[in-house]
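Visitor: Using the sequences and the hints, build the whole thing.
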Amino acid sequence: MPITESDITKLAALAQLEITDEERRALTPQLAAIVAYVEQLNELDTSAVEPALGGLTDEGERTEVARDDAARPSLGQELALDQAPAPANGHFCVPKVL
Amino acid sequence: MLSYWLLATGYWLLATFFMTIEHIHTQLAAGETTAREVVGAAVDHAEALNETLGAFLQIDREGALGRVAEVDGADVGDDETAGALRGVPVAIKDNICVRGLQTSCGSRILGAYQPPYNATVIDRLQQAGAIIIGKTNCDEFAMGSSNENSAFRPVRNPWDTARVPGGSSGGSAAAVAARIVPVALGSDTGGSVRQPAALCGIVGVKPTYGRVSRYGLVAFGSSLDQVGVFATNIRDAATTLEVIAGRDSRDATTADVPVPNYTAELNGDIKGARIGVVREMFGEGLHEDVRTNVEAAIEAYRELGAEIVDVELPRAKYAIAVYYIIATAEASANLARYDGVRYGFRAEESGTLQEMYRRTRDEGFGAEVKRRIMLGTYVLSSGYYDAYYLKAQQVRTLIREDFSRAFAKCDALLTPTAPTPAFLLGEKLDDPLAMYLNDIYTVTANLAGIPGLSIPCGLSHGHLPIGLQLLGNYWDESRLFRLAHAYESAHPFDALPPIVAKPKR
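Residue numbers (the numbering used here), protein chains in the order written: chain A, 1 to 98; chain B, 99 to 603.
Don't read these hints as lab results, they were simulated from the structure.
A quick note: this is a predicted structure, and the numbers were derived from the prediction, not measured.
Built from N, CA and C at the ideal position, the CB exists for glycine as well.
Just a few of them, taken from the derived set where beta-carbon distance is under 7 Å, the chain A residues facing chain B:
(1) LEU11
(2) GLU18
(3) LEU41
(4) PRO51
(5) LEU53
(6) GLY54
Guide: See below:
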């Protein structure tokens, strides 16, 4: 299905991106071309194929990754807030939500 | 200081720049140089070339020289890898966290962000005595094949500054190619270590998925990303991988698989090794100079006693399509965290929270990153998930099966690393698909999770380096190193980029 400018508007909202009209005009044919390209996968019958989700090797799948459910030292409030654009009283400050 | 004198006289290139790890250690042991001098010269060289190359986003003279004293006084202890990189200056791609330095990922949205912790690979490098001299430029969030997607400035190829170094780890590749550092780290999601290594005439290694911890590597495509190594030769690459590899409890994708002593296994005989060649990969779209040099390398392997066998990867031609679905889907999820709340850039004067999110992301992300977030959002969106994302993961299984069949017939595969030598800046900027096709020979390894490396195998008529790629079975980096080392020993690539070879006047 061809991608239209209104699809791009919807996608930008889903992705929390504010895009300009100019960006929308540029992105529409670019995304359409990429989507048309990836549709070559439809040449293959994959109805009986398991998806390779996750990317792990067999050895990776077998590796024990659980640890004891015990508290460990963490960054701490001061360091965690150190790079925040607007920290306030030990919190991350954001514009009004409603 | 020696390095200053060398700089002043125009012979500064003679100082560290032809040094391998072994040279550095021999000279340190003989008292012919000091770690301070080696590291100081690397920093001088990085600074002197940065205006031309743009390889570094941050050069840490003070920190690096401060660490030298620490390393010199340290107790090596019993750890086998401790001291393996003692006094060796190293450059780190700017998407790997180093405490106290910036991690921008080449993006405005992180800007001067300073992570409060080290990536595991950084801890391991430092425990081995390496000295980090700076953070290298890269395509924004490692998305690109030319380094032109850096939000700050492009990197230029040391062989020809009108050309790209490849990407996305272009800064690390250029820093090693220009002999600023003997070793650098990058990340490889679809070829981002091997392709720039080929375009810059150096060695680049992408290990098996799960071999090296990604704790502290900024996530792009989580089922594809691996930290990789750049070096001027196979031995240095092997030494460095040995230091950074192995299970890490902080990265659940690292596998509990023993790390071999790669350097001890370098010199094994390769007689009788079966090297697989995929004939279709030498067809349309391959630059003539790449073809002739890679074919000559195949002949060279035959002369070294390897058996060349034809193999097929019938589904490899779908790899780029599969990659651009999976990588963008994963990226759209991974990059959702950049919202202007906890760290990094926040757009000014936003009325509501949602406005703040959107304006921060609009102003903070560059065009290619937005394009990929949009594509990833599209393939994951309601109604399209099965048609694109699931389909791509199924074809990924088929590509894995192709490799599994191929490795039943051979020990390693030999392919070109990139379809062309380094291209001009701007040449492919307006055509994302043409840019993506640069990764045609490299992405399959990320999709399958197998290791791969690129080594230089000659120069084009335009005096640009050409790389050949060796792909191995899971966890078989040792064999790749051995095969590459045999080739490198028989056919040393001793050409140097003009920026290094010509005395500065």
